[in-house]
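Here's the letter readout for the chains.
There are 2 protein chains.
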Amino acid sequence: MLRTHTCGELRSSHIGEQVTLAGWVQKVRDKGGMIWIDVRDRYGVTQLMFDEGSSDKETIARAREVGREFVIAAKGEVIERVSKNAKIPTGDVEIKVAELTVLNESKTPPFIIDDETDGGEDLRAKYRYLDLRRNIVRKNLEMRHQLLQKTRAYLSENSFMEVETPYLIKSTPEGARDFVVPSRMNPNQFYALPQSPQTFKQLLMVSGFDRYFQIVKCFRDEDLRADRQPEFTQIDCEMSFVTREDILNTFEGMIKYLFKEVKGVDLGELPHIPYAEAMSKYGSDKPDLRFGMEFHELNDVAQGAGFVVFDSAELVVGINAEGCAEYTRKQLDELTNFVKKPQIGAKGLVYVKCNADGTFKSSVDKFFDQDALKKWAEKFGAKPGDLLLILAGDAGKTRKALNELRLEMGTRLGLRDKNTYAAAWVVDFPLLEWDEETERYHAMHHPFTSPNPDDFDKLVSDPGSVRANAYDMVVNGVELGGGSIRIHDRNVQSQMFDALGFTKEEAQEQFGFLMSAFEYGAPPHGGIAFGFDRLCALFGGQDSIRDFIAFPKNTSGRDVMIDSPSVIDTDQLEELHLKLTVPSKSDQ
Amino acid sequence: MLRTHTCGELRSSHIGEQVTLAGWVQKVRDKGGMIWIDVRDRYGVTQLMFDEGSSDKETIARAREVGREFVIAAKGEVIERVSKNAKIPTGDVEIKVAELTVLNESKTPPFIIDDETDGGEDLRAKYRYLDLRRNIVRKNLEMRHQLLQKTRAYLSENSFMEVETPYLIKSTPEGARDFVVPSRMNPNQFYALPQSPQTFKQLLMVSGFDRYFQIVKCFRDEDLRADRQPEFTQIDCEMSFVTREDILNTFEGMIKYLFKEVKGVDLGELPHIPYAEAMSKYGSDKPDLRFGMEFHELNDVAQGAGFVVFDSAELVVGINAEGCAEYTRKQLDELTNFVKKPQIGAKGLVYVKCNADGTFKSSVDKFFDQDALKKWAEKFGAKPGDLLLILAGDAGKTRKALNELRLEMGTRLGLRDKNTYAAAWVVDFPLLEWDEETERYHAMHHPFTSPNPDDFDKLVSDPGSVRANAYDMVVNGVELGGGSIRIHDRNVQSQMFDALGFTKEEAQEQFGFLMSAFEYGAPPHGGIAFGFDRLCALFGGQDSIRDFIAFPKNTSGRDVMIDSPSVIDTDQLEELHLKLTVPSKSDQ
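Respectively, the protein sequence lines represent chains G and E. The numbers in the UniProt record's numbering rise by one with no breaks, and the one at position 555 of the first sequence is 555. The numbers in the UniProt record's numbering rise by one with no breaks, and the one at position 465 of the second sequence is 465.
Hints were generated in silico from the structure; no laboratory data involved. All values reported here derive from a predicted model rather than from experimental measurement. Even for Gly, the Cβ is constructed at its ideal location relative to N, Cα and C. Be a bit skeptical, because a hint or two may be false.
[Unchecked claim] BS3-like, lysine-lysine: derived pairs with alpha carbons at most 30 Å apart:
hint, chain 1, residue 1, chain 2, residue 2
1, G, LYS504, E, LYS256
2, G, LYS150, E, LYS256
3, G, LYS217, E, LYS126
4, G, LYS150, E, LYS263
5, G, LYS126, E, LYS504
6, G, LYS139, E, LYS260
7, G, LYS150, E, LYS260
8, G, LYS579, E, LYS217
9, G, LYS361, G, LYS383
10, G, LYS150, E, LYS217
11, G, LYS107, E, LYS397
12, G, LYS150, E, LYS139
13, E, LYS217, G, LYS139
14, E, LYS107, G, LYS150
15, E, LYS217, G, LYS126
16, E, LYS579, G, LYS217
17, G, LYS263, E, LYS150
18, E, LYS256, G, LYS579
19, E, LYS126, G, LYS504
20, G, LYS217, E, LYS504
21, G, LYS260, E, LYS150
22, E, LYS150, G, LYS256
23, E, LYS139, G, LYS217
24, E, LYS217, G, LYS217
[To be verified] To give an idea of the chain E side of the interface with chain G (calculated C-beta under 10 Å), a few residues:
hint, residue
25, SER12
26, HIS14
27, GLN18
28, ALA22
29, GLY23
30, ASP41
31, GLU99
32, LEU103
33, GLY175
34, MET185
35, PHE190
36, PHE219
37, MET239
38, LEU248
39, ILE549
Looking at chain G on its own, in the form it has when it is part of the complex (with noise of 0.2 Å):
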């Protein structure tokens, strides 16, 4: 090695070694006749001291030329720091270089490396090889390496076996779009970039596998919202001869094992929530339950007063914001302006103010007197000093308006800290979903996923009523991952096949191998999938995953790094048997 000891490594009980570290200048300081270098690597960082008075003349020169980001080894005695730095691990020792060497130079970087850095963004995407210098991104990566190792060596712990599936597989127009490849060797066909190996893990459990995990890079050709990438990482888990508590049972082991290993955070045991308790106390099927605050109904109390916005409402429903009741006009027109907004889309907002003396100012008091108040605020739970914050309107948005306004409020009120964690189990999806558009109900999950036994008989008669054996792990209002009891029976197969308005050639044709393979011995199985760049952010504290990728792509599916994607040669097409359909501005 180049080295003897790292830049993270040196202790006072290294104090009079000979020793040799190499990495990068963090920051040279010149001063009085003395010279003092950081220099920085991965694992730390250690000053490096060079006295006039003692250091030979061209080391000392050396050490004057040096800029930030140089690649430097420097040799020579750890001695004790006059001046100790209590805030690194390597503060109580310096080196007292005799040797200095430049192992390559440097520009000046475009920005600054440190965790607080004059880059923006795009300038940082372009140089992401230097962002990644920085302390702060680089532990983003170094929990992603830990969360990796850890994630692997509990499922293996537990008998699953990882197996590879292929990457250059087969399109499918269900679901989001895929990313194609053309085939030079079969002309006119074209392979499939997985959007995830569901096919393959389920004939893995065909295949008498058992269990199967993989952590893998899946792709999706979609128009890419603020935080979403063409090609993601997800853990891939399947399982046979289970029921749904034993794989809530496994993964609710693993998430737990990962939050006690990685963060030292017990989790505790995590509840299991039915869909429609989620939509009905939080409006969201992934709530966020850091924090209460859950919806209560006002139909009943609130309903035939003469106030038309109620009246004509399908659902009143509000929340109570906990010691708000001084909030000023501006608060409470900020709160209407939130809710106003049209990715939100209420109407407008009632407030109820439980004021100290136990008297009520609404902005309904022209509707509502004070013992009508009264009853909202009993059935609310609320003591005086709370604001109570009502919607009204259709029950679907006037829900999803509301958990909206929660979050809000639990954001206002320092109720959602990044360090605080809380997770459930979101089951009963929907097995089926009406689509107005084609006029037929589509699979929630997907079309192999199992209904509950108990609703079985209802999937002729009440089709949309069928619950599904389907559920999401829900963490701190991040849908973390998702799966479900696969069908396996070929009865239930074709009859959910009915209810989808398959026909048996369409059937055939869309899921034709994996319906074969099902009728050699499929065993009773299920699995589940997680956002492993999701999981990663939701343990950095963070929202974006994009911090926790090395080379992310930007929202138009660049790498503006690499400056990717690119033209290629005329050849190369040919080669594909393709032709351009777009005149493209330059022949490259």
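Knowing the structure of chain G, use the given hints to seat chain E on it.
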């Protein structure tokens, strides 16, 4: 769980317990009022027992209905088996079944699901999910799982950080042909799938990640030879601040650890064989070192005797097949035909039998007397009873042919046992190869491979003689991995580009952003990549990697199980701004 134990778990100590097993029906025997069913899962096989005398009628009837590969669950008491089966770990017990459930039926499988199968290769490929049920196939993948875990454990333990690099990257004209992915959002532009994460791992070194690894899929759109896959898995690694010796030590450590942990084999220390020595001793840069049979050159003693084949040859070279002096005419003819095969290309084979009585008998007795042949035998270190096999011609081609003959003799003499492992490093590869067609030098490894510092001054004067700081790990004649110390110095890099005949502009165009990254402080670094499929096959003692991949493709790059690649919708093509140039046989 739908079972209390797996089918591989029960022992005498369980006798008397009530258990439930679930799995596939391997075999049914019905004899004298008794029925035995072997039930199988990933973990083993257990015998179920039904007795007309004591089991209830319904259960007996159901037991008689099940066929091969039915999925069943059986509940009953563990009892001692009358005729024990020492061949299987559960052979001391059986289950006296009280309750039998058919979880799923199965059609009769298209081939026998057992170690010995009647299924041909094509049939098994089409029904790969059934082929994977066979023990010997699944065991390969279980070993693969274990190698995955152990590899990552070793590397993590040695401070390597796993970093996932992108799959949608940029096409480059260098190297093999890329698979490309059209971008819908960026018309006329394409991503490429990585042939390896080479650029990204070097960027991670520039980022100061110090030690990187990843077990990653790579893609090459090449015409497929028998044992090549369009997608394959690589153990990809890179280290900073290292010399060649550090890398060799680290990965020698890895391979020895894997052999010890997974095979229980102590690999011993790996010799370092210079490329030139490998070529002159074995005619190959990946010599099979399980046996000696080194080359001996005869030019000085065999030329000038009037035998024109030798006299006109650049090289006369042979091997000593010990103990083969008794080879018959037929055997010798076989060997002659072997070396004359077009893919081997020798013109003929000269043999010398070292007879037991000390005399010699050769195919060139006309030109060489006993004294001359004796001199040859001395050169070969041959004893009475040995057989010398000699080729002559152009040096390169002759060595290549003799390598094949050496391997053939090794096989014939049983010197290439699959359970014996001989590993070595081949080092000091040439940096550059002269390409007759383009009349310029090409980088043998890649253009960032560092020259051996001792040869640096010859980069201009005698580029062909410069050795690379590159290395391959060779085990049993298979190149398992290879890598190099990279160039981190821009002056060396620009001289390298000169030697390769690149203009500055060409270099910039092809390697621009890596070159730019290197201007911001690139550390000295180097790395290696191992073919993971190959490693698995080697550990499994087999030649074909296909048996170690869950869902391999055939030599046309097709997955015959899912029937991929396939045609895609015209809508999809339109969205991608593409048109097919080959008329399609149908519109899908």
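Consistency of the hints with the structure:
Between the alpha carbons of G/LYS504 and E/LYS256 the distance comes to roughly 55 Å, so the proposed pair goes past 30 Å and is violated. Of the pairs offered as hints, the one joining G/LYS150 and E/LYS256 holds, with about 24 Å between alpha carbons and a cut-off of 30 Å not exceeded. In summary, the hint linking G/LYS217 to E/LYS126 is supported, as the alpha carbons are separated by about 25 Å, within the 30 Å threshold. Only pairs whose Cα atoms come within 30 Å are accepted, and G/LYS150 paired with E/LYS263 is accepted, the gap being roughly 25 Å.
At most 30 Å may separate the alpha-carbon atoms for a hinted pair to count; G/LYS126 and E/LYS504 meet this at roughly 22 Å. Distance hint between G/LYS139 and E/LYS260 is unfulfilled; the C-alpha atoms sit about 33 Å from each other, more than 30 Å. For the given pair, G/LYS150 sits about 23 Å from E/LYS260 by alpha-carbon distance, which is consistent with the 30 Å threshold. For the suggested pair G/LYS579 and E/LYS217, the alpha carbons sit about 28 Å apart, so the restraint of at most 30 Å is met.
Distance hint between G/LYS361 and G/LYS383 is fulfilled; the C-alpha atoms sit about 14 Å from each other, no more than 30 Å. Our distance criterion of 30 Å between C-alpha atoms is met by G/LYS150 and E/LYS217, whose separation comes to about 21 Å. Straight-line distance between C-alpha atoms of G/LYS107 and E/LYS397 comes to about 49 Å, which puts the hinted pair past the 30 Å bound. Using a Cα cut-off of 30 Å, the hinted pair G/LYS150 and E/LYS139 holds, with the two alpha carbons roughly 24 Å apart.
Of the pairs offered as hints, the one joining E/LYS217 and G/LYS139 holds, with about 25 Å between alpha carbons and a cut-off of 30 Å not exceeded. This hinted pair does not check out: E/LYS107 and G/LYS150 have alpha carbons roughly 41 Å apart, beyond 30 Å. Only pairs whose Cα atoms come within 30 Å are accepted, and E/LYS217 paired with G/LYS126 is accepted, the gap being roughly 25 Å. Straight-line distance between C-alpha atoms of E/LYS579 and G/LYS217 comes to about 28 Å, which keeps the hinted pair within the 30 Å bound.
About 25 Å separates the Cα atoms of G/LYS263 and E/LYS150, which keeps this hinted pair within 30 Å; it holds. Among the hinted pairs, E/LYS256 with G/LYS579 is inconsistent with the structure: their alpha-carbon atoms are about 51 Å apart, more than 30 Å. The suggested pairing of E/LYS126 with G/LYS504 holds, with an alpha-carbon distance near 22 Å, which does not exceed 30 Å. Between G/LYS217 and E/LYS504 the alpha-carbon distance is near 37 Å, which puts this suggested pair outside the 30 Å criterion.
Restraint check for G/LYS260 and E/LYS150: satisfied, since their Cα atoms lie roughly 23 Å apart, inside the 30 Å limit. Note on E/LYS150 and G/LYS256: the hinted pairing holds, with a Cα-Cα distance of about 24 Å set against a maximum of 30 Å. Between E/LYS139 and G/LYS217 the alpha-carbon distance is near 25 Å, which keeps this suggested pair within the 30 Å criterion. About 10 Å separates the Cα atoms of E/LYS217 and G/LYS217, which keeps this hinted pair within 30 Å; it holds.
For E/SER12, the interface hint is violated, the least distance from its beta-carbon to any beta-carbon of chain G being 23 Å, above 10 Å. The criterion of a C-beta within 10 Å of any C-beta in chain G is not met by E/HIS14, whose closest approach is roughly 19 Å, and the hint is violated. A least Cβ separation of about 17 Å between E/GLN18 and chain G goes past the 10 Å threshold, and the interface hint is therefore violated. With a least beta-carbon distance of about 5 Å to chain G, the hint placing E/ALA22 at the interface is held under the 10 Å criterion.
The beta carbon of E/GLY23 comes within 8 Å of a beta carbon in chain G, closer than 10 Å, and the hint placing it at the interface holds. For E/ASP41, the interface hint holds, the least distance from its beta-carbon to any beta-carbon of chain G being 6 Å, beneath 10 Å. Hint status for E/GLU99: violated, given a least beta-carbon distance of 16 Å to chain G, over 10 Å. Annotation: E/LEU103 was flagged as interfacial toward chain G, and the flag holds, the nearest CB pair being 6 Å apart, inside 10 Å.
Hint on E/GLY175 is violated. Least Cβ distance to chain G is approximately 13 Å, over the 10 Å limit. A least Cβ separation of about 5 Å between E/MET185 and chain G falls short of the 10 Å threshold, and the interface hint therefore holds. The beta carbon of E/PHE190 is positioned within 10 Å of a beta carbon in chain G (closest approach about 5 Å), and the interface hint is therefore held. Hint status for E/PHE219 relative to chain G: holds, with the closest Cβ pair at about 7 Å, below 10 Å.
At its closest, the beta carbon of E/MET239 sits 9 Å from a beta carbon of chain G; the interface hint therefore holds under the 10 Å criterion. Below 10 Å, beta-carbon pairs count as interface contacts, and E/LEU248 has none with chain G, the closest being about 13 Å; its hint is therefore violated. Taking 10 Å as the C-beta cut-off, the interface hint given for E/ILE549 holds, the closest approach to chain G being about 8 Å.
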